[in-house]
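*Asks:* Residue numbers (this note's numbering), protein chains in the order written: chain A, 1 to 218; chain R, 219 to 268; chain X, 269 to 524.
Source of the hints: derived by calculation from the structure; they are not laboratory data. Backbone N, C-alpha and C define an ideal beta-carbon position, used for all residues, glycine too. Careful: at least some of the hints might be erroneous.
Far from chain X, some chain A residues (derived; all Cβ distances over 12 Å) [as the list claims (entries may be wrong)]:
hint, residue
1, 31
2, 32
3, 37
4, 65
5, 76
6, 78
7, 144
8, 158
9, 160
10, 166
Which stretches of chain X does chain R cover? Using the computed rule of at least three CB atoms under 8 Å from a CB of chain R, they are [stated by the list, open to error]:
hint, stretch
11, 369-382
12, 493-506
DSS-like mimics (lysine-lysine), calculated; alpha carbons at most 30 Å apart, straight line [to be verified]:
hint, chain 1, residue 1, chain 2, residue 2
13, R, 256, X, 274
14, X, 274, X, 289
15, X, 274, X, 515
16, R, 256, R, 266
17, X, 515, R, 256
18, A, 153, A, 46
19, X, 289, X, 515
20, X, 289, R, 266
21, X, 289, R, 256
22, R, 266, X, 274
23, X, 289, A, 153
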Amino acid sequence: MIKLFWRDVTLAVRSGGGFGLALIFFLIVVVLVPFAIGSDQIMLSKVAPGVLWLGALLACLLSLDRVFGLDFEDGTLDLLATSPIPLEGVYLAKVAAHWLTTGLPLTLAAPIYGLLFNLDFEVRQLLFLSLLFGTPALSLIGSFGSSLVLGVKRGGLLLSLLVLPLYIPTLIFGAQVARSAAIGQNFEVPLVLISIVSLITLAILPFAAAAALRINLR
Amino acid sequence: MMPDLGNYAVEVISAYGLSSIVLGFLILTSVVRNARVKQRLADAEARKDA
Amino acid sequence: MALTWKLSSYWDKFWHLANPKVFMGWSSRLLPIIIVMAAFCLSTGLIWGFFFTPDDARQGSTVKIIYLHVPAALVAINGYLLMFIGSLFWLIRRQHVSVLIAKATAPIGMAMTAIALLTGAIWGQPMWGTYWVWDPRLTSFFVLFLFYIGYIVLWSAIEDHDTAADLTSILALVGCGFALLSRYAVLFWSQGLHQGTTVTISDGVQQERISDVFFQPLLLSMVGFCLLFLALLLIGTRTELRVRRLKMLELREQML
């Protein structure tokens, strides 16, 4: 399982593996926002926490089809299914690799991008924390969605359609942490809630995703 | 006959109107699809038995 | 001992009803009755509510929208429950009628959610002054609407029937969990302008008792909507059963 994890990580990091893509996409979204809603500093710093969360979330979507899609296409997934690792383990290894190569970089980048909106240090700190606890959920949910749409040709749009509603609770709690910090309110509650979301998805989704993988590999 | 809907006539009428349209559409599509599939199935069964 | 034996025979009888051929049999006999009852309850409830109830002190005549909004919302939520159960029985017992009930519920539930959203927004407009507000109730329903769409789209994206049934059932189970989670997340997210439930429905919280004058036609309308849902569900499930058989026949024809 560890081997699988590192294999996916190295695959992602290699050129053509789309490693930096998520970060660049995130940056582009961040740049697009002032063009869309105006350059008023005060307003921008108000919406910034949420916008940054949204940008990170959308950037996460990008690399999701690579999670299972590539291995499905070239038959590696069939091999993995017959290996001694249970499919739940395959799922977890791939989720971990996705998080390490997508979720974590986005989490690290967000406070830096936050400077573009003149966010205070405390706000950026809590933005970082909320993403740290929330991006695992994004990777878990997204990979589950990916396991569902494996057999569908050009399933990228369908994947987004299924995954984005599932992302809503995570987004609500995560963005709330950052917003609460920005207006000086209590942020502990949403922080705990988002951690709970990550933990629950960690507990349940491996089984659902493994079932979906089994079905698609039939 | 019509109750005095007062200031909110537009809202109430449009609510009932829109709902009727959606419901009507739902019922119509259900019934039409049912009939169509029934027909196609009957044809397929006939071809099978022929 | 005898009791458990009796219960298990009821259990078997119940599952016998879910056999596709048997289902087609009893549903075709039941359908006309349900349609008539639905038409009666619905028309009586709505006509009573529309023409023969007073206006509300605060909301004026817009309170009449309640006879549409509340029943539609009730059916939309229960549709979700039905999809959950149907999907569960498919995954556990590979029961075809169950999963097709779930499949048939989706478009009906989606339409009901749309009605709940439209009527909810229109109802709120005079009071809130805007066409749409992001209040917890309406927003939850919007999320529910999106979940319905996702389920329906997944069904049509997969060609093989049994595979589609499997995958959409997994989505339904996970989705129901997330829908529940979203309900509370949205509540958390917004204090909202909604006045709170006036009738005990999904929340189980009764904040404001509405008087009988409004409640009786509302009850009738709710029963009517539920019966309408049932009728459409039976029609839809029958259609889906036929579609499945049709696909099998057409596949055989292609192979011969």
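*Asks:* If a hint holds in the structure, say so; if it doesn't, say that too.
*Replies:* Do the hints match the structure? See the list:
1. 31: Fine: 26 Å to the nearest Cβ keeps residue 31 of chain A off the interface.
2. 32: holds, 23 Å
3. 37: Nearest chain X Cβ is 17 Å from residue 37 of chain A, so the label holds.
4. 65: At about 14 Å from chain X, residue 65 of chain A clears the 12 Å cut-off, so the statement holds.
5. 76: holds, 21 Å
6. 78: Its Cβ never comes within 12 Å of chain X, the nearest being 16 Å, so this holds.
7. 144: With a cut-off of 12 Å, residue 144 of chain A comes too close to chain X, as the shortest Cβ separation is near 7 Å.
8. 158: violated, 6 Å
9. 160: violated, 10 Å
10. 166: violated, 5 Å
11. 369-382: This one holds; 4 residues, not fewer than the three required, reach chain R with a Cβ under 8 Å.
12. 493-506: holds (count 5)
13. R/256 with X/274: Not satisfied, since the Cα-Cα distance of roughly 38 Å exceeds 30 Å.
14. X/274 with X/289: Between residue 274 of chain X and residue 289 of chain X the Cα gap is close to 25 Å, so the pair holds against 30 Å.
15. X/274 with X/515: violated, 39 Å
16. R/256 with R/266: holds, 15 Å
17. X/515 with R/256: The given pair, whose Cα atoms are some 13 Å apart, holds under the 30 Å limit.
18. A/153 with A/46: Roughly 41 Å separates the two Cα atoms, so the pair is violated.
19. X/289 with X/515: holds, 17 Å
20. X/289 with R/266: Distance ~19 Å between residue 289 of chain X and residue 266 of chain R Cα, so the pair holds.
21. X/289 with R/256: holds, 15 Å
22. R/266 with X/274: Violated, because 42 Å separates the two Cα atoms, which is more than 30 Å.
23. X/289 with A/153: violated, 35 Å
The structure shown violates the earlier hints numbered 7, 8, 9, 10, 13, 15, 18, 22, 23.
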